[in-house]
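> One letter stands for each residue in the lines below.
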Amino acid sequence: MIENHLSLLLVALPLLAAPIVAVLPNGRLPWALSTLVSWSVCYLAAWQLINVSSGQVISYELGGWAPPWGIEYRIDAANALVALIVSGIAALTLPYALKSVIKEIPHQQHALFYAAFMLCLTGLLGIAQTGDIFNLFVFLEISSLSSYALISLGKQRQALTAAYQYLIMGTIGATFFIIGVGLLYAMTGTLNMADLAQRLPELYEHRTIHTAFAFIMVGFALKLALFPLHLWLPNAYTYAPTVVTIFLAATATKVAVYVMLRMVFTVFGFSFIENTPTDELFLLLCVTAILSMSFYAIYQKDSKRLLAYSSVAQIAYMMLGIGLGSVLGVTATLVHLFNHALMKGALFMAIGALIYRVGSSRLEHFSGLGKQMPWTFAAIVIGGLSLIGVPGTAGFISKWYLVLAAIEQQHWLIVGVILMGSLLAVAYVWKIIEVLYFNATDEREQQNTAVKEAPLMMLIPMWVLVLANIYFGFNTELTVGTAEQAVKLLMPGAN
Amino acid sequence: MDMILGHYNYWMVIIIMMAGFYTVISRGNLVKKIVGLNIFQVSVFLLYISIGNVKGGATPIIEKGVDLYSNPLPHVLILTAIVVGVATTALGLALVVRIKEAYGTIEEDDIHNQDQSL
Chain A
57 MIENHLSLLL VALPLLAAPI VAVLPNGRLP WALSTLVSWS VCYLAAWQLI NVSSGQVISY
117 ELGGWAPPWG IEYRIDAANA LVALIVSGIA ALTLPYALKS VIKEIPHQQH ALFYAAFMLC
177 LTGLLGIAQT GDIFNLFVFL EISSLSSYAL ISLGKQRQAL TAAYQYLIMG TIGATFFIIG
237 VGLLYAMTGT LNMADLAQRL PELYEHRTIH TAFAFIMVGF ALKLALFPLH LWLPNAYTYA
297 PTVVTIFLAA TATKVAVYVM LRMVFTVFGF SFIENTPTDE LFLLLCVTAI LSMSFYAIYQ
357 KDSKRLLAYS SVAQIAYMML GIGLGSVLGV TATLVHLFNH ALMKGALFMA IGALIYRVGS
417 SRLEHFSGLG KQMPWTFAAI VIGGLSLIGV PGTAGFISKW YLVLAAIEQQ HWLIVGVILM
477 GSLLAVAYVW KIIEVLYFNA TDEREQQNTA VKEAPLMMLI PMWVLVLANI YFGFNTELTV
537 GTAEQAVKLL MPGAN
Chain B
6 MDMILGHYNY WMVIIIMMAG FYTVISRGNL VKKIVGLNIF QVSVFLLYIS IGNVKGGATP
66 IIEKGVDLYS NPLPHVLILT AIVVGVATTA LGLALVVRIK EAYGTIEEDD IHNQDQSL
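Each protein sequence line maps, in turn, to chains A and B. Residues 57 to 551 (our numbering) are what the first sequence spells out, left to right. Residues 6 to 123 (our numbering) are what the second sequence spells out, left to right.
Take these hints with a grain of salt, some might be off.
The calculated lysine-lysine pairs, modelled on DSS-like cross-linking and capped at a C-alpha distance of 27 Å, are [said to hold, decoys possible]:
#1 A:Lys211 x B:Lys105
#2 A:Lys357 x A:Lys487
#3 A:Lys159 x B:Lys105
#4 A:Lys544 x A:Lys427
#5 A:Lys155 x A:Lys211
#6 A:Lys487 x A:Lys508
Computed Cβ-Cβ distance ranges for the label pairs, DEER-style [said to hold, decoys possible]:
#7 A:Gly245 x B:Thr85: 40 to 48 Å
#8 B:Gly109 x A:Ala270: 39 to 47 Å
#9 A:Gln212 x B:Ser31: 36 to 44 Å
These are calculated hints, taken from the structure and not from any lab test. Each residue gets a CB set at the ideal place from its N, CA and C atoms; glycine is no exception.
Using the sequences and the hints, build the whole thing.
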């Protein structure tokens with residue numbers, strides 16, 4: 057019974073939980089219910105991934121209406137992997153949230169905060185599950201609207217302007233996307249992705265299809281913060297409450313990258329993309345993004361902003377895989393999708409623990425904390441190594457596949473840029489470590505207020521992610537295995 | 006002439022779309038930006054409604070003796086998009102109210118200057 061409706065439950069559970077959480081009395085109850093829901097959703101997502109891991113495709117007809125008329129949830133390895141990332145990160149972020157939210161968000165807003173969080177989870181899972189492009193737009197807006205609200209809850213007043221800026225840019229992106237969807241519908245008469253994929257090839261030459269493609273690509277490039285459309289991201293990540301930053305950094309942009317994959321490979325097909333300058337453009341933008349954004353990250357004075365710029369660079373690695381358009385490249389994209397969620401999740405959680413103790417995210421306030429908070433410091437070191445791509449961490453695996461993909465097509469410049477990006481990552485990760493470990497604690501010691509290690513409720517989720525970073529650096533069965541299955545379905549003719 | 010009159014709706018869509026988009030980009034007043042965003046979204050509603058029209062088609066209500074109907078699906082889709090647009094506007098205006106409370110102004114340049122001077 058549950059198994060038949062697995063795909064729907066994944067979206068329906070958090071959606072139903074949201075209004076219930078909203079009316080619960082402020083206190084621990086909203087948190088407890090959200091955590092419970094996120095754990096059940098994570099369990100369901102893992103179950104779903106097992107069901108599709110050997111290449112099956114689940115087609116779920118919403119309300120019993122057969123596709124292409126009804127909305128279809130079409131689950132293959134790619135969807136299931138993304139759904140697992142989203143729900144897994146939510147399941148880890150929520151236990152962490154308890155203490156952090158008490159400190160950062162006024163008491164009377166707790167229930168509403170968790171309700172918005174549940175809505176955001178609904179939206180992101182919905183995008184991952186659905187096989188209907190208009191339904192995708194609806195879920196996109198559910199997740200976006202709730203994330204604007206979540207970002208605006210940050211303590212500093214800049215959070216408001218950051219949320220406003222994101223609202224304007226995000227809405228333009230989403231509107232571009234529906235313009236594209238409308239044009240596609242006008243040409244093909246269908247909104248179902250699998251159906252579109254069948255009807256589009258004969259219309260490849262048509263100008264409307266090219267226009268639709270351009271609108272959809274630009275719309276989602278805004279959403280996933282592809283350089284140079286990333287301007288909303290650094291502010292949003294810097295001023296949002298810590299928990300929101302962790303969750304959005306690890307999931308929201310990943311889901312947008314997944315949609316890009318779906319659009320490029322399933323809906324339009326790579327043979328269409330190859331005849332447009334899109335793939336070259338992606339490569340050019342990504343190369344620029346990796347270099348410039350990593351440089352930007354080095355010069356940041358705020359730890360969250362530093363990691364935000366690093367995120368823009370890391371997103372460019374994922375898009376690089378799509379731009380290369382080979383089996384290896386797309387595998388690298390999917391693997392990096394998963395691994396980057398792990399490393400940025402761990403790093404933002406560790407930074408969040410520092411903020412919890414010090415009350416600021418500026419690097420200068422972190423000096424010497426490494427000795428007082430050894431576990432948090434160790435988490436930053438390992439997360440940082442993974443971000444750089446040191447062998448033995450998850451980050452190495454994705455970089456390895458990406459480099460292989462670039463070598464395969466003899467793009468030596470891109471190989472150089474990937475390696476250069478890693479060197480720059482060494483520089484900005486070192487900047488955090490230097491402040492934490494090698495800078496003197498003079499100011500605080502004078503005031504004689506020693507900082508304690510972060511509470512256990514924060515350390516445990518953080519270390520689960522840190523250990524996952526190491527585990528997936530050695531055991532690649534889940535990540536690479538699933539990614540390879542997904543690529544087989546995304547690019548049927550390729551191997 | 007047919008190019009303009011035959012595609013009258015679509016020309017209007019493009020004009021409204023660009024007017025809205027330009028307002029969002031060029032105006033420094035946060036409320037005017039939201040208004041621009043609204044106009045931008047409205048053009049998409051028009052686009053969808055125009056797509057749904059079938060030449061000579063009747064209103065999509067089943068009736069004896071009528072064989073050709075306009076396509077109702079885009080209209081239903083755009084109902085959803087209108088709801089999304091209302092929600093976005095409401096949230097955007099709520100943010101503007103909060104920004105006004107925090108900064109005492111809703112002019113982008115003033116807000117920027119205040120943040121810089123900190």
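> Against this structure, judge whether each hint is valid.
Taking the hints in turn, this is what the structure says about them:
1. At roughly 16 Å between alpha-carbon atoms, A:Lys211 and B:Lys105 fall within 27 Å of each other, so this suggested pair holds.
2. This hinted pair checks out: A:Lys357 and A:Lys487 have alpha carbons roughly 10 Å apart, not beyond 27 Å.
3. Note on A:Lys159 and B:Lys105: the hinted pairing holds, with a Cα-Cα distance of about 25 Å set against a maximum of 27 Å.
4. Restraint check for A:Lys544 and A:Lys427: not satisfied, since their Cα atoms lie roughly 48 Å apart, outside the 27 Å limit.
5. Simply put, A:Lys155 and A:Lys211 have alpha-carbon atoms about 15 Å apart, close enough for the 27 Å limit, and the pair holds.
6. Between A:Lys487 and A:Lys508 the CA atoms are separated by roughly 22 Å; this keeps the pair inside 27 Å, and the hint holds.
7. Restraint check, A:Gly245 to B:Thr85: a C-beta distance of roughly 18 Å breaks the suggested window 40 to 48 Å.
8. A hinted range of 39 to 47 Å holds for the C-beta pair B:Gly109 and A:Ala270, which are about 41 Å apart.
9. A hinted range of 36 to 44 Å is violated for the C-beta pair A:Gln212 and B:Ser31, which are about 28 Å apart.
Checked against the numbered hints above, the structure breaks hints 4, 7, 9 and satisfies the rest.
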